[in-house]
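Peer 1: Given chain X, work out where chain B should sit, using these hints.
Protein chains in written order, with our numbering: chain X, 1 to 445; chain B, 446 to 803.
The set of hints was computed from the structure by calculation and includes no laboratory data.
Some hints could be false.
DMTMM-like, lysine to aspartate or glutamate: derived pairs with alpha carbons at most 20 Å apart [what the hints assert, rightly or not]:
id, chain 1, residue 1, chain 2, residue 2
1, B, Lys-495, B, Asp-784
2, B, Lys-669, B, Glu-705
3, B, Lys-721, X, Glu-300
4, X, Lys-304, B, Glu-756
5, X, Lys-389, B, Glu-709
6, X, Lys-373, B, Asp-591
7, X, Lys-333, X, Glu-292
8, X, Lys-425, B, Glu-756
9, B, Lys-544, B, Asp-784
10, B, Lys-721, X, Glu-299
11, B, Lys-695, B, Glu-661
12, X, Lys-398, B, Glu-756
13, X, Lys-389, B, Asp-802
14, X, Lys-217, B, Glu-689
15, X, Lys-389, B, Glu-601
16, X, Lys-385, B, Asp-802
This is what each chain is made of:
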Amino acid sequence: MLALELARTFSVKDKQLHGILDQLKGLDGSGHWAFLQTHGMWTCGLRREGGLTLEVDLEGERTLHLHSYKDYELIRAIENVPLFHFMVEKLAVHKDSKKDSEEASDVSPWGIHIRMKRAELATPPSQSIKVSPLTFFAATVGFHRLARSFRLQAIQSALSKEIAKALFGANAEALGYKAFHDLYGVGDRKVDDRDEVLGAFVALASGNVRTSKIPLKAVEAELTTAREPIRHVRIYKCLLEHLVKSKKLNVGVRQSDGGLQLYSKEGDEEGDHEELNDMLRIISRDVLGRLEAYRRVLEELKNKSFDGEVHVAIGFSEQMGPCDLYLLASLLKGLSVETTYVLATPLSYPMAAISSLYAALELEGSKALGRVKFVLASEDVAVSKSLAKYLAEGTEGKVLVYLASGPTPQVLTLCVELKRLKRGKALLIPLAPLPATAREATPRS
Amino acid sequence: MKGLELQLEPKWVEPAFTLYYPDMVYSNPLIAEVDLLLMFEGGYACVELKREAPDAPRDSLKYFVNGLAQQPVFYAHPEFKGDFGGMQYPTPFLTSLSKLLSKLVGEDPCCVNSMVEERRKLFSLDNFLRLLLIYGSPNACKGILDHDFLSRLANEFQLVRTRFLQIHKVKLLRREDDIARPAQVASKDNVTQQVTKVIVMTPILNNEILRQRVAEAVCDYVLKISAKSVIFVCTTRSRGDAKELTDKVKPEVESKIQAEVGMEVVEERQGEGVEKAWADKALKLCEDSCTTCVMLFVGEVPKGVLVKVAEALESEKSKIKLAVMTWMPHLNLEKLMHDLREGDVREAEKVGLGVVDL
Numbered sequence: 001m002l003a004l005e006l007a008r009t010f011s012v013k014d015k016q017l018h019g020i021l022d023q024l025k026g027l028d029g030s031g032h033w034a035f036l037q038t039h040g041m042w043t044c045g046l047r048r049e050g051g052l053t054l055e056v057d058l059e060g061e062r063t064l065h066l067h068s069y070k071d072y073e074l075i076r077a078i079e080n081v082p083l084f085h086f087m088v089e090k091l092a093v094h095k096d097s098k099k100d101s102e103e104a105s106d107v108s109p110w111g112i113h114i115r116m117k118r119a120e121l122a123t124p125p126s127q128s129i130k131v132s133p134l135t136f137f138a139a140t141v142g143f144h145r146l147a148r149s150f151r152l153q154a155i156q157s158a159l160s161k162e163i164a165k166a167l168f169g170a171n172a173e174a175l176g177y178k179a180f181h182d183l184y185g186v187g188d189r190k191v192d193d194r195d196e197v198l199g200a201f202v203a204l205a206s207g208n209v210r211t212s213k214i215p216l217k218a219v220e221a222e223l224t225t226a227r228e229p230i231r232h233v234r235i236y237k238c239l240l241e242h243l244v245k246s247k248k249l250n251v252g253v254r255q256s257d258g259g260l261q262l263y264s265k266e267g268d269e270e271g272d273h274e275e276l277n278d279m280l281r282i283i284s285r286d287v288l289g290r291l292e293a294y295r296r297v298l299e300e301l302k303n304k305s306f307d308g309e310v311h312v313a314i315g316f317s318e319q320m321g322p323c324d325l326y327l328l329a330s331l332l333k334g335l336s337v338e339t340t341y342v343l344a345t346p347l348s349y350p351m352a353a354i355s356s357l358y359a360a361l362e363l364e365g366s367k368a369l370g371r372v373k374f375v376l377a378s379e380d381v382a383v384s385k386s387l388a389k390y391l392a393e394g395t396e397g398k399v400l401v402y403l404a405s406g407p408t409p410q411v412l413t414l415c416v417e418l419k420r421l422k423r424g425k426a427l428l429i430p431l432a433p434l435p436a437t438a439r440e441a442t443p444r445s
Numbered sequence: 446m447k448g449l450e451l452q453l454e455p456k457w458v459e460p461a462f463t464l465y466y467p468d469m470v471y472s473n474p475l476i477a478e479v480d481l482l483l484m485f486e487g488g489y490a491c492v493e494l495k496r497e498a499p500d501a502p503r504d505s506l507k508y509f510v511n512g513l514a515q516q517p518v519f520y521a522h523p524e525f526k527g528d529f530g531g532m533q534y535p536t537p538f539l540t541s542l543s544k545l546l547s548k549l550v551g552e553d554p555c556c557v558n559s560m561v562e563e564r565r566k567l568f569s570l571d572n573f574l575r576l577l578l579i580y581g582s583p584n585a586c587k588g589i590l591d592h593d594f595l596s597r598l599a600n601e602f603q604l605v606r607t608r609f610l611q612i613h614k615v616k617l618l619r620r621e622d623d624i625a626r627p628a629q630v631a632s633k634d635n636v637t638q639q640v641t642k643v644i645v646m647t648p649i650l651n652n653e654i655l656r657q658r659v660a661e662a663v664c665d666y667v668l669k670i671s672a673k674s675v676i677f678v679c680t681t682r683s684r685g686d687a688k689e690l691t692d693k694v695k696p697e698v699e700s701k702i703q704a705e706v707g708m709e710v711v712e713e714r715q716g717e718g719v720e721k722a723w724a725d726k727a728l729k730l731c732e733d734s735c736t737t738c739v740m741l742f743v744g745e746v747p748k749g750v751l752v753k754v755a756e757a758l759e760s761e762k763s764k765i766k767l768a769v770m771t772w773m774p775h776l777n778l779e780k781l782m783h784d785l786r787e788g789d790v791r792e793a794e795k796v797g798l799g800v801v802d803l
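The shape of chain X in the complex, shown without the other chains:
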């Protein structure tokens, strides 16, 4: 058994954090991870010191362990998550918790349904690794299409530095930005790079194993453009077995002919280094394929020159996360960027807000993105027209680089309206991998 433990404490001073949170309206420091769990619609303001772990077994089954009496508040909160239920098989409360008996009598007529999931365990998980809220969230969020995006975002975020180095060379590494998970934990309790990577891979493999047990028709019903909802199930199952057994993973990213590729940086005691590398190679396109889009942005910007400062607007799709802003900061380091607008929709808003918060904490100070401005819009054509005016007014007289991504109605409206309103000062770049000549481009960006 391998358990993921949630790390919540920011390594920045509270005062600094709250100042930034004030700017990024819609976030609340105390409910930070609850915000992620519930798509930002709800936060109970729980203050927790830790003690929440998620245990994953070889079949991808998951048990959430809660450790103190105060966790009953959390149980109630979890049980009433409106938009996303935890897709854990069991909520386990440790027997030595105080006032268990009092709580047990507190049964509402509606609560009976979920109480069947509760269990009381005396044995803690065998080994815990501390992970960031993003990875923890990705491990618990469920089996829908968006949940799979969250799991990919967790891996991409954990590997941000490696990906930037593979895409943009050693210069990206020299910039020395912290990744999202580096902001979590203090001192000895700091989230370790390798633990974060291991946790994120466990979350993805476990999620895919569990998803493969859902009838295929039900899984396909959630899709629009993808033909293969779950690929390589056998590989993911082997990978999960490997991770749960070895409890370690040291992964790098390199450039290969087929695009970005994952590889194991070290062999393990059992000598199945090659086998692990094979598995990582096979899933590389699943995990990193979308990020090839940034190579295209780099290509498109290479031959452009700008007089003075520019503004950047990035359509934040539901597949994007903190890694995207990390890559953007690495990519734009040579430009003089005044403002980076992060354009969210109701679907992408929680992750866009969290990513903007990360960018404000870490990347804004480096001047790579200028001022980071989180914009909550929607995919409605009428709203998108207003958004185009808002962007045009905010960037008057200066070039606006629009990285086109997100829902079709929003992207098309922004492209047409920005061209019209900015009159030659709008540069439109599709945030999608360069289309191959031999095969069709990936339809969703």
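Peer 2: Below, chain B alone, put in the same frame as chain X:
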């Protein structure tokens, strides 16, 4: 046991609506249906319309699953006379539905109707604001509503402004300054003039239900504007889906308005990606037409195609019009009210695909 008399008078009563998961590509995106929403100063209550009191507890699971369990849920029916005849039921059955229904239409029925209409235009945003209203904590609501772009929208759209006020009342949020009066924006009728050709940009549509709905929406649109021809433009990978759409749309529009229905598959050219080939093919088909064409985008067309089309249409005199297919709700308020008076509680908001001109 007698029914429950509601002592508090709600500030607003919202007619039947559905909350949707923000990702509308789901074939089953529905989160919760609320028959009536009563909004008070500092809170709200859901009303579930049921003919019989014993039916009410069956919905407990639905309300629980949707996270509404800890909110007050009342049950009501237009024909309930206020007495269960000695039977005991744990669920609160309201006796004052007629009063609530009169509040629903309110002093200004046109206002409710215009809100229903504006919801069609701002469906994604309004759904989000309703989610905030139902689920959002006061802190989260305050933070989000203070966002400057949303405040701008509140000044531009009456519906957004109303939602802001409702959320502020329900969550007991104080504002030092009231929301500014909305600027009256001249609404443009969503009418396409003298269109003879519709080019449907067809990506992969993996979902069978989605394909069916797209076909129905294309039929409705083509019949509405009486187009002379419809061409589904696809790639080699979306050929199968485009063929299915063609087969579904063809008999319908050929029999009713004698429009031609065809399909064009994009062939990639050496050294160019499919994006350019796809955009060029669609633009060429439009240019070949003597009259106005509509390029209709369904599903998730690759962003590179969207950018190339937008760049090609810089001329404002272009005879090519753009349109997108998007989800929009429909609620017949008059029918709802009529049915409720007749004791029929089945009428509800429906969501389908519709075409919006850019």
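Peer 1: Please go over all the hints and tell whether each is borne out by the structure.
Peer 2: Going down the list of hints, with the structure as the test:
The suggested pairing of Lys-495 of chain B with Asp-784 of chain B holds, with an alpha-carbon distance near 14 Å, which does not exceed 20 Å. The straight-line distance between the Cα atoms of Lys-669 of chain B and Glu-705 of chain B is roughly 15 Å, inside the 20 Å bound, and the hint therefore holds. For the given pair, Lys-721 of chain B sits about 15 Å from Glu-300 of chain X by alpha-carbon distance, which is consistent with the 20 Å threshold. For a cut-off of 20 Å, the pair hint linking Lys-304 of chain X to Glu-756 of chain B stands: about 17 Å separates their Cα positions.
Our distance criterion of 20 Å between C-alpha atoms is broken by Lys-389 of chain X and Glu-709 of chain B, whose separation comes to about 36 Å. Between Lys-373 of chain X and Asp-591 of chain B, the direct Cα distance comes to roughly 14 Å. Compliance with the 20 Å bound is thereby established for this hinted pair. Our distance criterion of 20 Å between C-alpha atoms is met by Lys-333 of chain X and Glu-292 of chain X, whose separation comes to about 18 Å. Distance check on the hinted pair: Lys-425 of chain X and Glu-756 of chain B sit about 13 Å apart at the alpha-carbon level, within 20 Å; holds.
Taking the CA atoms of Lys-544 of chain B and Asp-784 of chain B, the gap is about 16 Å. The hint holds against a cut of 20 Å. Our distance criterion of 20 Å between C-alpha atoms is met by Lys-721 of chain B and Glu-299 of chain X, whose separation comes to about 17 Å. Restraint check: the Cα-Cα separation between Lys-695 of chain B and Glu-661 of chain B comes to about 11 Å, which is no more than 20 Å; the hinted pair holds. For a cut-off of 20 Å, the pair hint linking Lys-398 of chain X to Glu-756 of chain B stands: about 19 Å separates their Cα positions.
With a C-alpha separation of about 18 Å, the suggested pairing of Lys-389 of chain X with Asp-802 of chain B holds against the 20 Å cut-off. Restraint check for Lys-217 of chain X and Glu-689 of chain B: satisfied, since their Cα atoms lie roughly 19 Å apart, inside the 20 Å limit. Annotation: proposed proximity of Lys-389 of chain X to Glu-601 of chain B holds, straight-line Cα distance about 12 Å (limit 20 Å). Distance hint between Lys-385 of chain X and Asp-802 of chain B is fulfilled; the C-alpha atoms sit about 12 Å from each other, no more than 20 Å.
When held up to the earlier numbered hints, the structure conflicts with hint 5 and nothing else.
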